[in-house]
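Visitor: Got chain A; can you put chain V on it based on the hints?
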Amino acid sequence: MSGERPDLSLHDTFPKLLLFNAKVRGQRPASREKDFGIWQTWTWSQVQEEVRALACGLAAMGFRRGDKLAIIGDNRPHLYWAMVAAQALGGVPVPMYQDAVTEEMRYVLDHSEARFAVVEDQEQVDKLIEIKEKNPRLETVIYNDPRGLRHYAQPWLASYTSVQERGRAWDKAHPGVFEAEISQGKGDDLAIIVYTSGTTGQSKGVMLTFKNVILTAKAGIDFENLGADEEILAYLPMAWVGDNIFSLGESYVAGFCVACPESSNTVLTDLRELGPTFFFAPPRIFENMLTTVMIRMEDAGRIKRWLFHTFMGLARRVGSRILDGQPVGPLDRLLYALGRLFVYGPLLNVLGFSRIRLAYTAGEAIGPDIFNFYRSLGMNIKQIYGSTEAAVFITIQPDGQVKPDTVGVPAPGVELRIAENGEVLFKSAGVFQAYYKNDEATRSTKTFDGWVQTGDAGFLDADGQLKIIDRAKDVGKLNSGAMFAPKYIENKLKFFPFIKEVVAFGDGRDYVACFLNIDIEAVGNWAERRGLAYSGYTDLAGKPEVLDLLQDCVNTVNRDLAADPHLFDSQIKRFLVLHKELDADDGELTRTRKVRRGFIAEKYGQLIAALYSDANHCAVEAQVTFEDGRKGLIKADLAIREAERVPPMKKAS
Amino acid sequence: MTKTIGDVILRCDNISLSFGGVRALSDISIDVREHEILAIIGPNGAGKSSMLNVINGVYHPQEGTVTWKGQTRRAMKPHESAESGIARTFQNIALFKGMSTLDNIMTGRYTKMRRNLLWQALYWGPARKEEIEHREVCERVIDFLQIESIRKTPVGRLPYGLQKRVELGRALAAQPELLLLDEPMAGMNVEEKEDMCRFILDVNDEFGTTIVLIEHDMGVVMDISDRVAVLDYGRKIADGVPDQVRTNPEVIRAYLGAGH
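Chains as they are written, first to last, in this note's numbering: chain A, 1 to 653; chain V, 654 to 913.
Simulated from the structure, these hints should not be mistaken for lab results. Any given hint could be a false lead.
No more than 20 angstroms apart at the CA atoms, straight line, and that leaves these computed lysine to aspartate or glutamate pairs for DMTMM-like [to be verified]:
hint : chain 1 : residue 1 : chain 2 : residue 2
1    : V       : K846      : A       : E123
2    : A       : K34       : V       : E789
3    : V       : K805      : A       : E273
4    : A       : K34       : V       : E792
5    : V       : K805      : A       : E33
6    : A       : K127      : V       : E792
Computed from a predicted structure; not experimentally measured.
Chain A with its partners taken away, still in its complex shape (with noise of 0.2 angstroms):
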């Protein structure tokens, strides 16, 4: 019975999927939490009934349909029910960063007119009663963990326990009312409301309809054949709506069981106990695990250590061919299962991944390397690019055809459209209804025929796959009439570990030149390993040798741009290696680490008029802010130096 798929032209809103599930499957696991060292498991029907329980309380306290729910704290059982639980009286749940502070948590509950809130915590319970003095229109709050709350009297907080047992005895005395709640709702109704995290500018709601959010899921469980005994591991934030597509779209709609970590300290130990069989990740979490591994197999012994290195050369240059299904040779096939024994198994297992089965990342580029590493160890990991106005899902890649530089092809049931300025343009089932009181925002983003704007540049390349390659008001032109996008070509940089930050210029100019910052520590390092004396960051950017090592990076990244129809004129001409490190206390950078451009041109000017000229180096002075707040000046002389540039040709790897 688990494979059972509901009809979701009946079962079109959560909580009647919930009704489903629970009789299908009702004795299979829904909902894990570790708690006190142990994963404790909810089945289907258990996880009904809390819901049944949460939803008459609330009920009970006057929640009526179309309140809004708050919804703040970690990834908790609990929290997901008690969406479902406003959904099922007809209200709107609205998941919240956990972690902002209390004013911008103050103007998303503003916003979007809670009158009740459900939270984890003490934490969360003291930035509400910050809140609530200002925000009256706050009701209700009801906390899950009633640690250290022992002494609040606030005759406005409830436990959820507390909740839970007025249901009950509110759902004696007022028998079917539930169950004639949730018939009530329908596919068109607003699910969920989802705050954007709001890096540009204040933060915006989209609102997504269950048709949205069971729709999307729906493709995405046929895309990738996910089934009823999938187990994931939910540890991204709650407010993030790709948690709400995996944890609650996807996992009531396939009836798999949803898994959450003891604490957010914990989630790598939990997830190789757990050892899920999808899981998402952003790019930076798969690059630590690697990191892990490489270091811990440095200090690994010499057998172990060969054994690796073997290994993993043989994972590199067949791994993935077997992992899309393409032509291997018998020996090398028997080599790599032979790996399979002795290294992948086990270092799959230690990541916690003997179980996977997919595994998407996406958010921003992830470095060739790191993919492939997981790919070659027969780990099915995917990129897959999306958005809060899709209901995540813009494209995939499918699998047989993954290639680390594209996010792949259309999901099922989206349209995609490049608009003349490069800007990638979808339709989809999942496409948001519009942005929460915010009329001006939805036109400005979705025209009058359902295209939406990603604001994002990019292309679809030869197989039809898209290539997404900047922030569309990023992306310039060269005079040539070629475009220019500096992101592409910094991140296709920076994915060498000796290259930190670097800046591309180009629009507007003949070519493309570029400042590039070592990585002290992995420059220093490879400099200690070859013996190469320098007295610090300065001495050692301007060294021949580090300006050698750069440059190789450089020609590598002018050979795979040179394969590129679309990019083919955006290979580096000259480029130099800054003295000192950007940094947002000088003022290159954002706080988020993000390069300033303009305040960058402007400060190193004679630097940038260098590389447009025929110059080989370019003496400089730059104030510098030391840590104590001191400010001095760093001089240096730097060399310029001509990268080379390739004609038109094939991939160079």
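Guide: Showing chain V alone in chain A's frame:
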């Protein structure tokens, strides 16, 4: 926050302790009431740690008596005091460095284990059931002290502040009525101290545990204690609520180092 401080639960009467010719404690009387946090402060060598050692039976005073829960005695063995509900932490961390956090905390349950070595070696049956019960207590302590992420980490690899927390965890695992803390915040940074203060107050509040602590950080002592006793050269020179002690001229003199 309101809490009710109960009757005297531990009474030390006229305690005198000497090591050879050195008089560590002379004629000290201290009462500890149920649910209170009592801080013992004093300059180096004042006899603070000796006082704790007398309370839990490590040292046997030459004179005076200790009355714990109505039972008066002069000498008590440390394991007897542990079994009667007194737990402590040490000035210098005394954990098993090679063992994990969880195993260290489990040792705090030792006095409560009823099955003998043979049963435990057998593993199945009643010993296993008992182990599960003890583990549950330990897991509650781990949850309480928020050290889930280091449950399986060998203690020797942890930073100092966390080791102190594990040590507190081991003491709590014994579910004591009286908790003796010997400089729980020594060598910690400000953030670790704040955390530790929070935990001490929470233990006192949530479990109603009576706490006697020795601490040098006056800010901490004045903030979290219900009562402060001041020792100087083995004598008690003051005893009262923090504000009284703060303004006591004799205390000020002792701390400023006036000649004796």
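Visitor: Against the earlier hints, flag every one the structure doesn't satisfy and list their numbers going up.
Guide: Per hint list: single violation, 6.
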